[in-house]
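Can you build the whole structure from these sequences, using the hints too?
Residue numbers (my numbering): 37 to 171.
Take these hints with a grain of salt, some might be off.
Computed beta-carbon distance windows for the label pairs [as the list claims (entries may be wrong)]:
id: 1; residue 1: 56; residue 2: 139; range: 41 to 49 Å
id: 2; residue 1: 43; residue 2: 79; range: 19 to 27 Å
id: 3; residue 1: 139; residue 2: 70; range: 18 to 26 Å
id: 4; residue 1: 108; residue 2: 76; range: 31 to 39 Å
id: 5; residue 1: 136; residue 2: 108; range: 37 to 45 Å
id: 6; residue 1: 135; residue 2: 58; range: 33 to 41 Å
id: 7; residue 1: 49; residue 2: 69; range: 14 to 22 Å
id: 8; residue 1: 53; residue 2: 141; range: 45 to 53 Å
It is worth saying that the hints were derived from the structure and are not from the lab. Every value quoted in this text rests on a predicted model; they were computed, and no experiment measured them. Each residue gets a CB set at the ideal place from its N, CA and C atoms; glycine is no exception.
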Amino acid sequence: FILTFALTVPFILYLTVRGGWPLMVIGISSIASGVLYTGGPLPTGYMGLGEVFVLVYFGPVAVAGTHYVQSLDWSSDAVLIGLASGLISTAILVVNNLRDRIPDERVGKNTLAVRFGVTFARWEYTLCILGAASI
Numbered sequence: 037f038i039l040t041f042a043l044t045v046p047f048i049l050y051l052t053v054r055g056g057w058p059l060m061v062i063g064i065s066s067i068a069s070g071v072l073y074t075g076g077p078l079p080t081g082y083m084g085l086g087e088v089f090v091l092v093y094f095g096p097v098a099v100a101g102t103h104y105v106q107s108l109d110w111s112s113d114a115v116l117i118g119l120a121s122g123l124i125s126t127a128i129l130v131v132n133n134l135r136d137r138i139p140d141e142r143v144g145k146n147t148l149a150v151r152f153g154v155t156f157a158r159w160e161y162t163l164c165i166l167g168a169a170s171i
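Below is the structure:
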C-alpha cells in the first residue's frame, strides 16, 4: 500500500518539473486523499465523504490536471468536462455503497447510503447520472 504510493513520487517530481507547483499540490493531495480514504484516525470513506473525494479527484482534478500537463494552461472547460467523469465515478461508488450498506453499517462504515438510507442513495445515483449527461 505505502510502496504503491511511494512509487508515484518520481512521477510527481517529473510532472512538477514539467508544469510547476500546481502539479506538486495535485500529486501530494491525491496521495493524501488515497491514504486517508481508508487509513488514518478518521478515514474519509467511513465518514460519508467518499463521494466527495471521488467526485473531485476522479473528475476535475484528473481531467483538468491532465489538460494542464499537456497544454500548460488551465481551462474551465476541462474542469466542467471533468465534473462529468467525476459524477459517473461517483455514481459507480453510490451503487457499490447501496449494495454494501448493510455490511458497511455492521462494521461502522458510515457511507451516505448508510447515513441517509436507500431512497437517498437512489436519488444521489440518479442525480449523478443526470448531471453527467447534462454536461
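Evaluation of the provided hints:
1. Between residue 56 and residue 139, the C-beta spacing of about 44 Å keeps the proposed range 41 to 49 Å intact.
2. Between residue 43 and residue 79 the Cβ separation comes to about 22 Å, which falls inside the hinted range of 19 to 27 Å.
3. A beta carbon spacing of about 23 Å between residue 139 and residue 70 agrees with the range 18 to 26 Å that was offered as a hint.
4. Range check, residue 108 to residue 76: Cβ separation about 34 Å, and the 31 to 39 Å hint holds.
5. Evaluation of the 37 to 45 Å hint for residue 136 and residue 108 yields a pass: the beta carbon distance comes to about 41 Å.
6. Between residue 135 and residue 58 the beta carbon distance is about 37 Å. The supplied range of 33 to 41 Å therefore holds.
7. Between residue 49 and residue 69 the beta carbons are some 19 Å apart, a value that agrees with the proposed interval 14 to 22 Å.
8. At roughly 46 Å, the beta-carbon separation of residue 53 and residue 141 lies within the given 45 to 53 Å, and the hint holds.
The earlier numbered hints are all upheld by this structure, with none contradicted.
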